[in-house]
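Q: Residue strings, one per chain:
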Amino acid sequence: MTTVALKPATMAQALTRALRDAMAADPSVHVMGEDVGTLGGVFRITDGLAKEFGEDRCTDTPLAEAGILGAAVGMAMYGLRPVVEMQFDAFAYPAFEQLASHVAKMRNRTRGKMPLPITIRIPYGGGIGGVEHHSDASEAYYMATPGLHVVTPATVADAYGLLRASIASDDPVVFLEPKRLYWSKDTWNPDDPQTVEPVGRAVVRRTGRSATLITYGPSVPVCLEAAEAARAEGWELEVVDLRSLVPFDDETVCASVRRTGRAVVVHESGGFGGPGGEIAARVTERCFHHLEAPVLRVAGFDLPYPPPMLERHHLPGVDRILDAVARLQWEAES
Amino acid sequence: MTVMEQRGAYRPSPPPAWQPRTDPAPLLPDAEPYRVLGTEAAAEADPELLRRLYAQLVLGRRYNTQATALTKQGRLAVYPSSTGQEACEVAAALALEERDWLFPSYRDTLAVVARGVDPVEALTLLRGDWHTGYDPYEHRVAPLSTPLATQLPHAVGLAHAARLKGHDVVALAMIGDGGTSEGDFHEALNFAAVWQAPVVFLVQNNGFAISVPLAKQTAAPSLAHKAVGYGMPGRLVDGNDAAAVHEVLADAVRNARAGGGPTLIEAVTYRIDAHTNADDATRYRGDAEVEAWREHDPVQLLERELTGRGLLDEDGVSAAREDAEAMAARLRERMNQDAPLDPMDLFAHVYAEPTPQLREQRDQLVAELRAESEEGTAR
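Top to bottom, those sequences are chains U and L.
For the first sequence, the numbering used here begins at 1 and goes up steadily by one.
For the second sequence, the numbering used here begins at 1 and goes up steadily by one.
Where hints are given, some of them may not hold.
Unchecked claim - Here are the simulated lysine-lysine pairs, DSSO-like style, with alpha carbons at most 30 Å apart: (1) U:Lys51 x U:Lys113; (2) U:Lys113 x L:Lys216; (3) U:Lys51 x L:Lys72; (4) U:Lys51 x U:Lys185; (5) U:Lys7 x U:Lys185.
For the record, the hints were derived by calculation from the structure and aren't laboratory data.
Let's have the full structure, built from the sequences with the hints guiding it.
A: Next up, the structure:
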């Protein structure tokens with residue numbers, strides 16, 4: 001039996017390593033975007049790649065998101081695997097037409113003849129004090145676009161594994177990077193980093209019998225903290241990290257809800273028309289007879305992302321999650 | 001002491017000297033569209049090429065009239081005719097080598113067919129049985145793009161990728177005058193110029209973006225002038241002169257293949273038919289204007305040149321027309337057959353592997369179809 005050397009590492013380091021390993025393993029992998037070359041990206045995720053693999057494979061592009069993604073489409077048509085960086089969530093919007101009209105549809109419109117293996121990395125979500133346009137939780141737009149995979153890691157190991165799996169995927173993947181977790185550390189084995197196969201499986205991060213918190217990306221650590229705090233109230237909360245919003249892992253989610261009978265969906269994105277509505281509906285349709293209470297949502301408010309000095313009031317925190325958990329004692333109230 | 005009091009002693013340093021990146025003069029298009037037919041340059045043109053262009057023009061014209069007729073019979077959902085613009089379509093296809101790529105927009109069916117794509121498969125999108133009927137890799141033709149200008153960056157990316165792989169492949173991207181106002185047009189041209197990608201952009205300026213005339217589309221001296229702002233040459237050509245369009249395109253393709261970077265070509269032409277069969281062009285333009293352009297018809301221009309120089313006789317003209325009639329008859333016959341449709345195709349190509357959700361929905365449709373067929377049997 002070999003002992004595995006687990007070392008502390010940041011999510012940013014794991015992402016960089018994933019890009020480097022993917023480029024080393026497959027010469028068709030090309031990284032491109034604004035500032036990804038010499039600077040190494042504003043979050044330094046692409047640090048060192050241009051030096052190691054050359055500017056042809058880690059390319060500083062003109063500042064134009066539609067052009068970046070549109071050019072990636074043509075590169076993928078010719079057999080490359082572009083990994084595109086959109087610098088911030090709200091900067092990706094100019095590329096939305098390319099994403100919705102071409103990236104998501106090309107396999108379908110050509111009856112499978114022209115798949116587009118493009119990975120679109122988007123740092124997303126709040127919590128880092130970013131000014132306007134630097135903190136949007138835009139996942140609902142991507143989830144609502146058939147043809148795209150949408151994944152988001154919450155741990156260092158998943159950041160590596162999911163990114164490798166996304167780059168290896170023959171379908172386009174919107175890879176949402178929770179930017180406030182970039183510098184979060186956990187233990188990871190950099191000598192034997194594992195990929196995640198297949199994309200589309202959720203994972204139970206913490207087991208419990210009282211209720212399930214269904215969450216993903218930046219809200220996973222918040223939910224784990226809430227679960228810890230809830231023990232004082234006598235609640236044993238299970239925390240399910242979705243990892244992949246599309247495809248959605250009904251199996252893992254519903255198995256958990258059937259065990260606990262209660263569920264709260266937690267995310268930063270606004271509640272109205274947000275992922276939580278879809279998740280709550282899916283859980284209700286599949287687990288109605290197991291539910292002791294309605295599926296509740298703890299989401300960001302339905303407003304444009306607030307200025308940094310106010311974002312703590314907007315983001316779902318431990319207290320708001322615990323309030324929802326308290327409301328799950330439905331029978332007692334009604 | 002205040003800043004104002006200091007003024008006498010203040011010596012501002014001059015800004016660093018401005019260095020233009022490139023001399024704009026060679027990039028500028030000529031004032032007049034380039035012409036070959038009816039000029040001395042025609043004598044230099046290869047007779048064999050002119051005959052090939054002619055045969056394709058006649059076929060193209062007939063294809064346009066046949067496809068328009070098929071809309072009236074309900075066999076096509078819609079058809080954007082390129083009657084009047086056939087020279088651009090034909091020259092575009094003939095200027096490319098087999099290994100090159102074409103990125104057409106929705107009006108460019110003729111260029112697609114001239115590349116070798118099956119004429120019925122080229123109409124699949126417009127017929128409505130699927131979004132793209134042909135395999136893009138078979139003849140290196142991207143799907144017909146309905147969103148405007150969005151296929152231009154694809155052409156840039158593909159050409160760039162080919163060059164990275166060491167292949168001397170050129171991408172030709174076609175677009176209309178209206179599409180030059182889109183952001184993707186700008187981003188594609190900018191990327192192409194910065195990357196020196198082997199791409200040729202062909203703008204068919206047919207006068208109108210549906211109903212909006214060029215004067216309301218742009219204030220530029222010409223659409224070809226837009227090139228200079230990106231640092232690439234702009235070329236202006238008579239879009240109804242097949243020999244001229246071919247020459248200018250072939251030059252640009254050669255230059256791109258040799259590593260000379262992208263070119264923007266504006267072909268000045270005219271859409272004789274309405275935007276599509278569903279459009280009423282009389283609301284935005286007069287008959288006199290259309291008639292004036294009919295006098296400058298691309299098929300007639302080339303036919304006159306060829307017959308005038310003894311390169312084509314009456315028999316040759318008849319033979320070309322007979323070929324076109326035969327093509328139209330085949331097209332009619334095949335389009336009048338109902339295409340077999342498989343509803344399971346709906347789920348087949350969304351992802352490499354269907355998601356669990358799509359598998360469930362596919363099963364639902366299977367059940368619905370079974371119920372439908374059992375109901376049919378019961379009746």
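Q: Lys51 of chain U and Lys113 of chain U were given as a pair; does the straight-line alpha-carbon distance stay at or below 30 Å?
A: 35 Å, violated
Q: For Lys7 of chain U and Lys185 of chain U, compute the direct alpha-carbon distance and say whether it is at most 30 Å.
A: Given pair Lys7 of chain U, Lys185 of chain U holds - Cα atoms ~9 Å apart, limit 30 Å.
Q: So if I understand the rule, the pair passes when the alpha-carbon distance is 30 Å or less; does Lys113 of chain U with Lys216 of chain L pass?
A: 40 Å, violated
Q: When you check the alpha-carbon spacing of Lys51 of chain U and Lys72 of chain L, does it fall within 30 Å?
A: 61 Å, violated
Q: Are Lys51 of chain U and Lys185 of chain U close enough, with their CA atoms no more than 30 Å apart?
A: 26 Å, holds
Figure legend: structure checked against the earlier numbered hints; hints not met, in rising order: 1, 2 and 3.
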